[in-house]
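2 protein chains.
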Amino acid sequence: MNVYETRREKIYDWMARENISLVMFEDTEDRRDTSIRWMTGHPGDALLFLSVDKQALLVPWDINMAKIFAAVDAIIPYADFDRHSISALKAGANYFKTPFGSKVEIPPVTPYPIFLQYVEALTDFDILCRSGGIRAEVEKLRTIKDEEELRIYQELSVITNTVIELLEKNVREGNLKTEADLALFIEAEGRKRGCEGTGFETLAAGPGRSFGIHAFPAYTAGDFATPGLSILDFGLKYAGYTSDVTLTFVREPLSRSQEKLLSLTEKAYKLALSLMKNGAVARDIAQAVDVFFDQSKKRMPHGLGHGIGLEAHEAPALRNRADNAWVLQPGMIVTLEPGLYDPVHGGCRLENDILITETGITVLTNAKIIRL
Amino acid sequence: MNVYETRREKIYDWMARENISLVMFEDTEDRRDTSIRWMTGHPGDALLFLSVDKQALLVPWDINMAKIFAAVDAIIPYADFDRHSISALKAGANYFKTPFGSKVEIPPVTPYPIFLQYVEALTDFDILCRSGGIRAEVEKLRTIKDEEELRIYQELSVITNTVIELLEKNVREGNLKTEADLALFIEAEGRKRGCEGTGFETLAAGPGRSFGIHAFPAYTAGDFATPGLSILDFGLKYAGYTSDVTLTFVREPLSRSQEKLLSLTEKAYKLALSLMKNGAVARDIAQAVDVFFDQSKKRMPHGLGHGIGLEAHEAPALRNRADNAWVLQPGMIVTLEPGLYDPVHGGCRLENDILITETGITVLTNAKIIRL
Numbered sequence: 001m002n003v004y005e006t007r008r009e010k011i012y013d014w015m016a017r018e019n020i021s022l023v024m025f026e027d028t029e030d031r032r033d034t035s036i037r038w039m040t041g042h043p044g045d046a047l048l049f050l051s052v053d054k055q056a057l058l059v060p061w062d063i064n065m066a067k068i069f070a071a072v073d074a075i076i077p078y079a080d081f082d083r084h085s086i087s088a089l090k091a092g093a094n095y096f097k098t099p100f101g102s103k104v105e106i107p108p109v110t111p112y113p114i115f116l117q118y119v120e121a122l123t124d125f126d127i128l129c130r131s132g133g134i135r136a137e138v139e140k141l142r143t144i145k146d147e148e149e150l151r152i153y154q155e156l157s158v159i160t161n162t163v164i165e166l167l168e169k170n171v172r173e174g175n176l177k178t179e180a181d182l183a184l185f186i187e188a189e190g191r192k193r194g195c196e197g198t199g200f201e202t203l204a205a206g207p208g209r210s211f212g213i214h215a216f217p218a219y220t221a222g223d224f225a226t227p228g229l230s231i232l233d234f235g236l237k238y239a240g241y242t243s244d245v246t247l248t249f250v251r252e253p254l255s256r257s258q259e260k261l262l263s264l265t266e267k268a269y270k271l272a273l274s275l276m277k278n279g280a281v282a283r284d285i286a287q288a289v290d291v292f293f294d295q296s297k298k299r300m301p302h303g304l305g306h307g308i309g310l311e312a313h314e315a316p317a318l319r320n321r322a323d324n325a326w327v328l329q330p331g332m333i334v335t336l337e338p339g340l341y342d343p344v345h346g347g348c349r350l351e352n353d354i355l356i357t358e359t360g361i362t363v364l365t366n367a368k369i370i371r372l
Numbered sequence: 001m002n003v004y005e006t007r008r009e010k011i012y013d014w015m016a017r018e019n020i021s022l023v024m025f026e027d028t029e030d031r032r033d034t035s036i037r038w039m040t041g042h043p044g045d046a047l048l049f050l051s052v053d054k055q056a057l058l059v060p061w062d063i064n065m066a067k068i069f070a071a072v073d074a075i076i077p078y079a080d081f082d083r084h085s086i087s088a089l090k091a092g093a094n095y096f097k098t099p100f101g102s103k104v105e106i107p108p109v110t111p112y113p114i115f116l117q118y119v120e121a122l123t124d125f126d127i128l129c130r131s132g133g134i135r136a137e138v139e140k141l142r143t144i145k146d147e148e149e150l151r152i153y154q155e156l157s158v159i160t161n162t163v164i165e166l167l168e169k170n171v172r173e174g175n176l177k178t179e180a181d182l183a184l185f186i187e188a189e190g191r192k193r194g195c196e197g198t199g200f201e202t203l204a205a206g207p208g209r210s211f212g213i214h215a216f217p218a219y220t221a222g223d224f225a226t227p228g229l230s231i232l233d234f235g236l237k238y239a240g241y242t243s244d245v246t247l248t249f250v251r252e253p254l255s256r257s258q259e260k261l262l263s264l265t266e267k268a269y270k271l272a273l274s275l276m277k278n279g280a281v282a283r284d285i286a287q288a289v290d291v292f293f294d295q296s297k298k299r300m301p302h303g304l305g306h307g308i309g310l311e312a313h314e315a316p317a318l319r320n321r322a323d324n325a326w327v328l329q330p331g332m333i334v335t336l337e338p339g340l341y342d343p344v345h346g347g348c349r350l351e352n353d354i355l356i357t358e359t360g361i362t363v364l365t366n367a368k369i370i371r372l
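Read top to bottom, the protein sequences are chains A and B. If you read the first sequence in the numbering used here, its first letter stands for residue 1, the second for the next number, and so on. If you read the second sequence in the numbering used here, its first letter stands for residue 1, the second for the next number, and so on.
Keep in mind that a hint or two might mislead.
Copies of one chain are not kept apart here, so a pair can be met inside one copy or by any two copies together.
[Said to hold, decoys possible] Derived BS3-like pairs (lysine-lysine); straight-line CA-CA distance at most 30 Å: (1) K54 with K298; (2) K277 with K192; (3) K298 with K10; (4) K90 with K297; (5) K97 with K260; (6) K10 with K90; (7) K192 with K177; (8) K237 with K177; (9) K169 with K192; (10) K140 with K277.
I should point out that these hints are in silico values taken from the structure, not numbers from a laboratory. This one's a predicted model, so the numbers in the text were calculated from it and none came from an experiment.
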């Protein structure tokens, strides 16, 4: 059984328990879902139908691509259905001879007006579209990385750390001067080492722009690492999986406020790290950091961290919100990324990728605050 | 009245006609909507509330960014609502003193399960979530570029054409050899000329990978423009707006099948160009191309073109589908991009950006099939 079949097996078991005959996944321009890659190896732009009798049908946009990448039982081109998801679902139910009256689950992100169209077009089935259904189940399964995924993250972390070292060296030596210099260096060095690209658009913000949580534009032809605080947030994508790290480059002279931002961010990072372990409640960790910043009358305008995987942001969330019920478990990989931002003094953020293990944690990446 | 106020004025008029008190727009990680930028100048990650009494309230994730970019009547940080859209909508209705019982429209992409939460939380209002509502209206308005947008596209086309020229020159001279060389060259040259970045991930596929409609990965460290057909599909993003062009680089020796793909693609391009004009039915043009390819037993596995603007793909569609009712009108800017793909011989595509005018068309970009 290949890795994709092993993953699908867990879904089939869940379908049997939930008494669901057919499940549809959709990865299209309007609604992305990397779960299709997780379950089949096909990189994207497709529908996937799983039948409770353990059969997987892929309906891809690009049939040539699917023949190379998709580990499934059957493939039918999306063009055969005029690229209409509702027609494809009808055909899928027909293909699997899904019994009339049985439960068919569609993605919970299906817009309300389109949901109504599904219900109208598929009167022979009980159409489910719900929170807490198939997508929540897949999301939960994906939080715990399997052996194949841990192997990928091992390799990806080595590449990410090599690029971090090269970045520090080349900034110190004056070879990388502008925001674009750094961002394009990452793109090139990552691909040289077998990466598919970056996991998200690299954010490189010199001192004049580092106050933005997500600088806009993401990077420019302007200076980086001039006096003050510069933020570099990037992730490399390898075999579909992304790393996610943030370095702050610091050049003197600094104001007392800037020193304060740096010192608080480093302390918050260490505090959070000391709390991360198997069984820890994610929200408690985020809350501890919020309380810590609050003592200095500072406020972090974003979450403390998030899971990474086939997406740059996935479960579990590491944030202080009432609806966050995640508990850290072995096999989870999450970012830890405290940061503070000031419209005048600039911003700083320190972010690394942390693997939760049975006995503690492994810090996979070596991002840091770099004083030039 | 600034350009954003002028655009919002059209929405307010529509709201009055439709008897809608309050409209919500959402641009978040889960559901992107560049319309917020179109209506306020704020580049993203925000909610926008428009009240029929002509007031605009922005609820941004990044308050520092909003103070710089957003041309609105009021700003309240999203963090004040725990980054919950439903809490923010309640607060928005309260802020505007929206009358109980009146119509409040939310985005039609709202997932069915979340729609139910809105309805439950806002019992005092008539919550609309529909196709053909506000989003369709904004989409329609955005198809016709205004003076400011035409000015931006004028400048963007000049930059895009300069980069096309530089690409051809540097490939001919052997300075750009790999897929990554070309992609990173575009990123760097674009930003040097004031672009925010690229409008989408550049697709650079050498002869071994050009069979893919959208090559995967988008670009690699592998060779480009070796013998056979190589595809380069890119767009530059300037002041939010994207261009979208595709060049095919051809190096001999070629098989007869490859010559055939090229010749058919060029003929299809010319055929479509001859049909594009004010009043032309978009579907008819796409159908003519499908029929043309069909005569040679070929099939184009994607649409013939699409509108461009703040998104790389927006209305109007130039495709042969029963639900495509778009008619070309002055001020529309659409791509024209016939292409053919063969798993053995590779693919070719030719794509330019076309402005529809009162009296004909203007081909804004100079992409072509380049024989090396």
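Cross-check of the supplied hints:
| no. | hint | result |
| --- | --- | --- |
| 1 | K54 with K298 | neither (53 Å within a copy, 36 Å between copies) |
| 2 | K277 with K192 | neither (35 Å within a copy, 46 Å between copies) |
| 3 | K298 with K10 | neither (44 Å within a copy, 41 Å between copies) |
| 4 | K90 with K297 | between (57 Å within a copy, 28 Å between copies) |
| 5 | K97 with K260 | neither (65 Å within a copy, 42 Å between copies) |
| 6 | K10 with K90 | within (25 Å within a copy, 40 Å between copies) |
| 7 | K192 with K177 | both (21 Å within a copy, 14 Å between copies) |
| 8 | K237 with K177 | both (24 Å within a copy, 23 Å between copies) |
| 9 | K169 with K192 | both (18 Å within a copy, 24 Å between copies) |
| 10 | K140 with K277 | within (18 Å within a copy, 52 Å between copies) |
In the structure shown, a violation is registered for the earlier hints numbered 1, 2, 3, 5, in ascending order.
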